[in-house]
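Undergrad: Sequence:
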Amino acid sequence: MPELPEVETTRRSVEPDLLDAVVVSASVRRPRMLRRQPHARDFADRLVGRRIGHVGRHGKFLKTELEGDITWVTHLGMSGRVSLARAGDPEVAHTNVIVGMDSGVEFRLIDPRTFGFVAAYTPEDLEFSSLAALGPDALDELPSSGRLHAALENRSAPIKPTLLDQRILAGLGNIYADEALSRAGIAPQRPAQSLERPEVVRLRRAIKGTLAAGLRYGGTSLDDLAYLLPDGRAGEYVKRLRVYGREGEPCRTCGTPIRREVLRQRSTHWCPRCQS
DNA sequence: ACCTCCCTGGCC
DNA sequence: GGCCAGGGAGGT
1286 MPELPEVETT
1296 RRSVEPDLLD
1306 AVVVSASVRR
1316 PRMLRRQPHA
1326 RDFADRLVGR
1336 RIGHVGRHGK
1346 FLKTELEGDI
1356 TWVTHLGMSG
1366 RVSLARAGDP
1376 EVAHTNVIVG
1386 MDSGVEFRLI
1396 DPRTFGFVAA
1406 YTPEDLEFSS
1416 LAALGPDALD
1426 ELPSSGRLHA
1436 ALENRSAPIK
1446 PTLLDQRILA
1456 GLGNIYADEA
1466 LSRAGIAPQR
1476 PAQSLERPEV
1486 VRLRRAIKGT
1496 LAAGLRYGGT
1506 SLDDLAYLLP
1516 DGRAGEYVKR
1526 LRVYGREGEP
1536 CRTCGTPIRR
1546 EVLRQRSTHW
1556 CPRCQS
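Each residue of the first sequence is one higher than the one before, counting from 1286 in this note's numbering.
Mixed in with the good hints there might be a few duds.
[Stated by the list, open to error] Result set (BS3-like, lysine-lysine): computed pairs, CA atoms no more than 27 Å apart in a straight line:
id: 1; residue 1: K1345; residue 2: K1524
id: 2; residue 1: K1493; residue 2: K1524
id: 3; residue 1: K1348; residue 2: K1493
id: 4; residue 1: K1345; residue 2: K1493
[Unchecked claim] Estimated spans, in silico, between C-beta atoms of each pair:
id: 5; residue 1: R1490; residue 2: N1439; range: 17 to 27 Å
id: 6; residue 1: R1315; residue 2: E1409; range: 21 to 31 Å
id: 7; residue 1: E1376; residue 2: A1435; range: 44 to 54 Å
id: 8; residue 1: Q1550; residue 2: S1312; range: 27 to 37 Å
id: 9; residue 1: K1524; residue 2: P1397; range: 20 to 30 Å
id: 10; residue 1: R1490; residue 2: R1314; range: 37 to 47 Å
id: 11; residue 1: P1535; residue 2: H1324; range: 48 to 58 Å
id: 12; residue 1: R1482; residue 2: A1325; range: 42 to 52 Å
id: 13; residue 1: L1507; residue 2: R1452; range: 19 to 29 Å
id: 14; residue 1: G1533; residue 2: A1325; range: 43 to 53 Å
id: 15; residue 1: N1439; residue 2: E1300; range: 14 to 24 Å
Keep in mind the hints are simulated off the structure, nothing from the lab. We put the CB at the ideal spot given by N, CA and C, even for glycine.
Construct all of the structure, not just a fragment, from the sequences and the given hints.
TA: Dropping the structure here:
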């Protein structure tokens, strides 16, 4: 299987095209995309005319800093993807937000299910947004196993949904939570507080390894192609998934059929033999 | 610390 | 037609 070049969406792909550009237009076709913006008109008002500085990320929230202390936040929700286009390029269906730059580059947010959103926040808005409650970033600020152990200590909920709680650790979604638990050899149903220190050490390494591998292969584009890289390519990590979406298929390690169970309303996959 | 709901498209 | 889907907020 051809190996994709290393891709890291927010830094290597989006940032060079946005850095130092001045926003010249901001158009939102689906008002719902602005539901996290206290006053909808603020979005365009706060973006247009401002120069883009740092482009970063905390968990699943894309954060673009603009001059004048404005933070432009983008979240892809479940079906959102960013596309970088040139003004005048044909629009694909469900292009809900277009932010135009003086360079001619357009940031487009395509999101059929509209669970994603955009907002332009002042420092005060940020304080009251969900970003303020995010835990450490799973990729850039992964806590030590000691701290992770402490965070899980008083949680009776199963470890799987606990990994999805963005206030504990920011960035893991349903696929990567299942994959990390698979790598760590831990059953998703285990109460978070029951994890022994060596298991937390394994889990920490597994989270790191899973995210690194996901990025290396360009992310997980499922059959619906809801997620694509900003340049339109499909991520190839789906071919490498150990458990997610593989119910009934043999475990890549021991051959036991992968099981699926709904845990806290989320589809959960694991190998009953390798994970305990 | 849970469940429900928000949306639309695709598949069975 | 019904069910499912990578996420998160809001209400209880």
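Undergrad: With reference to the structure, classify each hint as holding or not holding.
TA: Going down the list of hints, with the structure as the test:
For a cut-off of 27 Å, the pair hint linking K1345 to K1524 stands: about 22 Å separates their Cα positions. The straight-line distance between the Cα atoms of K1493 and K1524 is roughly 19 Å, inside the 27 Å bound, and the hint therefore holds. Between K1348 and K1493 the CA atoms are separated by roughly 22 Å; this keeps the pair inside 27 Å, and the hint holds. The hinted pair formed by K1345 and K1493 meets the criterion: a straight-line CA distance of about 16 Å does not exceed 27 Å.
Take R1490 and N1439: their Cβ atoms lie about 23 Å apart, and the range 17 to 27 Å holds. For R1315 and E1409, the Cβ-Cβ distance of about 26 Å falls inside the hinted range of 21 to 31 Å, so the restraint holds. About 48 Å separates the C-beta atoms of E1376 and A1435, a value consistent with the hinted range of 44 to 54 Å. Range check, Q1550 to S1312: about 34 Å between beta-carbon atoms, so the 27 to 37 Å window is met.
The given range of 20 to 30 Å is respected by K1524 and P1397, whose C-beta atoms sit roughly 24 Å from each other. The hinted range of 37 to 47 Å is satisfied by R1490 and R1314, whose Cβ atoms lie roughly 43 Å apart. At about 54 Å, the CB distance of P1535 to H1324 agrees with the hint of 48 to 58 Å. Between R1482 and A1325 the Cβ separation comes to about 49 Å, which falls inside the hinted range of 42 to 52 Å.
The given range of 19 to 29 Å is respected by L1507 and R1452, whose C-beta atoms sit roughly 26 Å from each other. Roughly 46 Å separates the CB atoms of G1533 and A1325, a value that falls within the hinted 43 to 53 Å. N1439 and E1300 have their C-beta atoms about 39 Å apart, which leaves the hinted 14 to 24 Å range violated.
Taken one by one, the earlier hints fail for this structure only at number 15.
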